[in-house]
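Peer 1: Given next are the chains, with one letter for each unit.
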Amino acid sequence: MPLLENGHVTEDRWAQAIAGEALPAGAVIVPLERLEEGLARPKDAPLGVAIGPDVDVAVLRPALPRLGLVAVNFPTFRDGRAFTQARALREHLSFTGEIRATGTPLPDQYEFLLRCGVTTVQTDRTEDVAVWQQAHEIISIAYQPSVLHERPQGLGLRRFLVTD
Amino acid sequence: MSTDTATLPVGRYAYDQVDRTFLSQRVAQFREQVGRRVAGDLSEDEFKPLRLMNGLYLQLHAYMLRVAVPYGMMGADQMRELAHIARTYDRDYGHFTTRQNIQFNWIRLEDTPDILERLAGVNMHAIQTSGNCIRNVTCDEFAGAAADELLDPRIHAEILRQWSTLHPEFSFLPRKFKIAISGSPHDRVAARFHDIGLVAHPGPDGRPVFDVFVGGGLGRTPIIGVHLRDNLPEEDLLAYLEAVVRVYNAYGRRDNMYKARIKILVQALGVEQFREKVDAEFAQMNRADYRLEPAIVEGIRARFGIPDLDAPADAARKLEADRKADARFDRWVRTNTHTHRHEGFISAVVSIKPDGGIPGDVTADQMDLIADLADEFSFGEIRVTHMQNVVLGHVRKDRLRDLWRRLEGAGLGTPNIGLVGDIIACPGLDYCALANARSIPIAQKLSARFANPELQENIGTLRINISGCINACGHHHAGHIGILGVDKRGEEFFQLTLGGSAENDVAIGQIIGPALPEDETVDAIARLIDTYLVLRNEGEAFIDTYRRLGAASFKDAVYAPA
Ligand code: HEM
Ligand code: SF4
Chain A
1 MPLLENGHVT EDRWAQAIAG EALPAGAVIV PLERLEEGLA RPKDAPLGVA
51 IGPDVDVAVL RPALPRLGLV AVNFPTFRDG RAFTQARALR EHLSFTGEIR
101 ATGTPLPDQY EFLLRCGVTT VQTDRTEDVA VWQQAHEIIS IAYQPSVLHE
151 RPQGLGLRRF LVTD
Chain V
1 MSTDTATLPV GRYAYDQVDR TFLSQRVAQF REQVGRRVAG DLSEDEFKPL
51 RLMNGLYLQL HAYMLRVAVP YGMMGADQMR ELAHIARTYD RDYGHFTTRQ
101 NIQFNWIRLE DTPDILERLA GVNMHAIQTS GNCIRNVTCD EFAGAAADEL
151 LDPRIHAEIL RQWSTLHPEF SFLPRKFKIA ISGSPHDRVA ARFHDIGLVA
201 HPGPDGRPVF DVFVGGGLGR TPIIGVHLRD NLPEEDLLAY LEAVVRVYNA
251 YGRRDNMYKA RIKILVQALG VEQFREKVDA EFAQMNRADY RLEPAIVEGI
301 RARFGIPDLD APADAARKLE ADRKADARFD RWVRTNTHTH RHEGFISAVV
351 SIKPDGGIPG DVTADQMDLI ADLADEFSFG EIRVTHMQNV VLGHVRKDRL
401 RDLWRRLEGA GLGTPNIGLV GDIIACPGLD YCALANARSI PIAQKLSARF
451 ANPELQENIG TLRINISGCI NACGHHHAGH IGILGVDKRG EEFFQLTLGG
501 SAENDVAIGQ IIGPALPEDE TVDAIARLID TYLVLRNEGE AFIDTYRRLG
551 AASFKDAVYA PA
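Chains as they are written, first to last, in full-length UniProt numbering: chain A, 1 to 164; chain V, 1 to 562.
Same shape as in the complex, but just chain V:
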């Protein structure tokens, strides 16, 4: 099949007629299933797995639809459609999630087939955004752009998307299954907190190979993924993953949903025995049937549009001059950009965390604006990050200031990426049927409290992650400061964990003491941060000081205010 490379969407896999047929069949199938449900031919119990396979949850107040953004990549056209859906079928909002997807919180069941049809019109869907199947594969938000990248992970993320989509054997696993893939030595995907984390890099002969981590996860039993093997050749990628998931499907616990994740199996068997089982399965597979041929990889790579990176020779110098001329812009560049592999370009992070705002929430108008800016400044390409922000991957340095001005005008120019205002928060009790406490108000209060950008920069790198319950959707265990909502006799309390990290220095945060009432939590965190500012050595981030001194030095600040 010939492809006109000039018209391929940049950064993501271009659908063709076959992919589109597949989606429209799925929409027809779901329409039929909704019909059977409405007619009473399917019980709620039977309908549930079917709707979950189309990303439809029943939440506290309404249905919630989680739309897949495969490996976080989408185009301006797709973002505009999401804006339309937010306006027409929701209350004008969408919510970016830590799984690089987008959720709509106020959906009617009857509208869902129409929404899915509209999504299919722009080659989007909600398949496998929930349910006990292989979920949306996540990926580095700077993929294909980052200066430190060894290998663009999106091609293999797309291969995994295809492989896992309606996989006949793995669509009814013991529990949901999450895969993340990185192509950089700097872990930006929390590889060790996934059921499978893949780190891709070129092998000795230049062909891609993968280091495989397995059995990581958060939730009520946080576990750091164990190292299963190094240098898995590309051609065996699918065979090996089949072997891992097959072992999990056969032996994962099904008697207790809290013990059903692969992390529990890996811990129960021990890494050695788990590895033996996987290797035994891998050894007896007919590997030819599963071989990922270079031609397939290239065929998929060929359906990714690549940006034509062409910047004026003085683009970098122009940016330097712009920064000198404007201190506010300079600050935003310091905090909200990432080094691009091309010296004339830079990746810009659009903070979806305005001071006092709800992390990850975007209005329909903001979505439209982001789409316009992507068209104007970044080849129509948009990335959703697992920190609930948005990235424009390839912005010419000499045009960065123009972009920033436009973002500022729309309330999207907050200079807080990686700082205390860049909070991850799950929907919590405001929306979620499982929550013990509200996550959003705490996030809002903290972000308002630390709104001053100078103060934020002075505090430096600090990850605050908030979950409304033990399920840990807000990654609280992986936060430098983690906040977990707990219920004490009907009242909202918050437990603090310190020292977590999802990056190369991966760690699970430790609980420092009894949970705090809602109205004390923000003050306690403020005192914690003040204490760090006093105790830190030159150049230390919060996590460094915490690791140097331990929890004891911070306990007093939290529990014994002066």
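Bound conformation, chain A alone:
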């Protein structure tokens, strides 16, 4: 499926590191094991890292100033650890770059992804992008604050979701 940003298709400017090959010159996403290698590249070469769901994102702390992207993974849609990773990246580590969801999240989880701080989605799933767009628009209200700091609604915990 194409890369999704805020319900719309966007161009992917990142290349994936290929196992066994040297890292290319441009923007590249490396697996966590090759982070050192990535960091050794010139300081202005855009660098992203892909982590598994069992990684404590605190290990990225020293590297984060150099990172433009962190890819979090949903090995199945049932495995919700990446939601916590994304939130921790935004809230505890103040990461402002791209957080990309990979693996097989469901379109029905799209709002959750965004509200936990994910910015782009690149899934192995095959359905039409329209399903994702629809999932993004169908619910306009949430009952709790999130990293998006949605506008409060009334006196309760309720928020208006931002759908642009």
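Treat the hints loosely; a few may be bogus.
Derived CB-CB ranges, DEER-like [said to hold, decoys possible]:
1) Leu3/A to Gln284/V: 27 to 35 Å
2) Ser140/A to Asn452/V: 27 to 35 Å
3) Leu8/V to Glu33/A: 54 to 62 Å
4) Gln134/A to Arg220/V: 36 to 44 Å
5) Asn6/A to Arg220/V: 42 to 50 Å
6) Asp279/V to Thr96/A: 36 to 44 Å
7) Thr96/A to Leu8/V: 41 to 49 Å
8) Arg220/V to Thr96/A: 40 to 48 Å
These are computed hints drawn from the structure, not numbers from a lab.
Computed from a prediction, not measured in an experiment: that's the story for all the values here.
Just so it is clear, CB atoms sit at the ideal spot from N, CA and C, and this is done for glycine as well.
Here the structure of chain A is known, so what remains is to put chain V with the ligands in place on it, guided by the hints.
Peer 2: Okay, now just chain V with the ligands, sitting in the frame of chain A:
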């Protein structure tokens, strides 16, 4: 937003247009998901978590829909809608559960969007009644009414409902997650058998604080929740719970669903290490983002209708006279009522356990009657209890006898609350796809056997809890006498546990010996109870005698009949 307090529903949070919009969007979303499923665009595997997030199970014979009753509170209008659903889409029945919800056992997938739409029409839903998310928060059935209450827990239960509803981070946890909240020093919510149990009370400055228990649960590994911290300030309630659930989401096991509950994580790490992780998370959170402002609490409290408690000065005296005049009514008052904070009022428990009946089952007509009685006698407010009964919270003492007569007429006046007839039972093999044995017939036989109300009162406080399998939906570990269905080469057997309790004296029942065949189980329990009647000291309940003497004294009664 201004609210007209005179029109607020008593005892529960009043929805406004925003809440209603949210629900109708959810119904539209589910309709679309059902459509995708029917069209084959979603596999059953993919559809499953979506239907589960709307309370829809696939059971032995049909779909089962579990409708949320937030913290057990509902209104007469809502009960009437449930009656309508029972009549139109089910076989005229609903079933109250130990999670204070109601289940319908014979639902068609195609009808579900319409049912959810009807529910939304009365501000009800089935969101998060299943799935690996934070489930319906449960609460004391006498909340806001009980004389022993320190703090009405419903306001915070509603806050937790809102906080947990479609929580972006916590909707795909390793396993289901259950929170109970009590505002009384007397635990009526089984706080220590929940993933998180909260006990609210006023702090030194009068503001609410919470004692937090974590990692309790039943199922195949019954564990009593450990004490995590005391006096959590109200403003940090959400931050702290976020920290607990976040630690669980990050570290809870996902490789084995039987080891995925938070209780396993707490045991594996040890309380100290678990607490350290939670504290570390709590410390690094931006607490301002999660602060539960007093204004928010008050805003939510303001959307709860409160009953206008006004009783004639002689209401209590009238009740005394009524009791003297009618021994049967007097007995029912002894067993089926609870002391109210206002001297002119009392809380009445409607037993959904008629002699020989199915615990928790109500007919559509009974639902309508309960709704009418709630309107007439209790400000239109109804509570579902985790013992599968119904409570009318605020009944004027001078009108209690009228209420009782009406209940009696409908088969809802059984005087057995807290007694041997007040059995908790899960649906078991009659409905449940996971069951090893039928729970319902055992419950029916026991309750018929002990139907005599004098005998029941003589036996005294006794909790019998029945589960059809190790998942423990019927809380068998927490019963004074627990009955667990097991499968032995295709035959139904029942294992007895003794000494469990879900209250302040919390304990896990102990297995006393080999499981019994179906046809011996009821007799064995009858002998057990007879033995207790012989052995007990003056004033002792079954659990006291059991604790004083131990299992050995009861073993012979079960396994070596005279
Ligand atoms: C009929 C469909 C039902 C199914 C398939 C079902 C399934 C389960 C399963 C698999 C568990 C074990 C969960 C675990 O420990 O991880 C469980 C526990 C439980 N269920 Fe059910 N259940 C059903 C109905 C009910 C009903 C009707 C009630 C209430 C009467 C109920 C209340 C509970 C409770 C209280 C527990 C113990 C929870 C704990 O350990 O925290 N369930 N159920
Ligand atoms: S205890 Fe077992 S048999 Fe009973 S409802 Fe739960 S899963 Fe089904």
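Peer 1: Now tell me if each hint is right for this structure.
Peer 2: Comparing the hints with the structure gives:
1. Leu3/A to Gln284/V: 27 to 35 Å: holds, 31 Å
2. Ser140/A to Asn452/V: 27 to 35 Å: Given about 58 Å between the Cβ atoms, the range is violated.
3. Leu8/V to Glu33/A: 54 to 62 Å: Because 59 Å falls inside the window, the suggested range holds.
4. Gln134/A to Arg220/V: 36 to 44 Å: holds, 40 Å
5. Asn6/A to Arg220/V: 42 to 50 Å: With a Cβ separation near 44 Å, Asn6/A and Arg220/V satisfy 42 to 50 Å, so the hint holds.
6. Asp279/V to Thr96/A: 36 to 44 Å: violated, 27 Å
7. Thr96/A to Leu8/V: 41 to 49 Å: holds, 44 Å
8. Arg220/V to Thr96/A: 40 to 48 Å: holds, 45 Å
Hint compliance for this structure: hints 2 and 6 are not met, and every other hint is.
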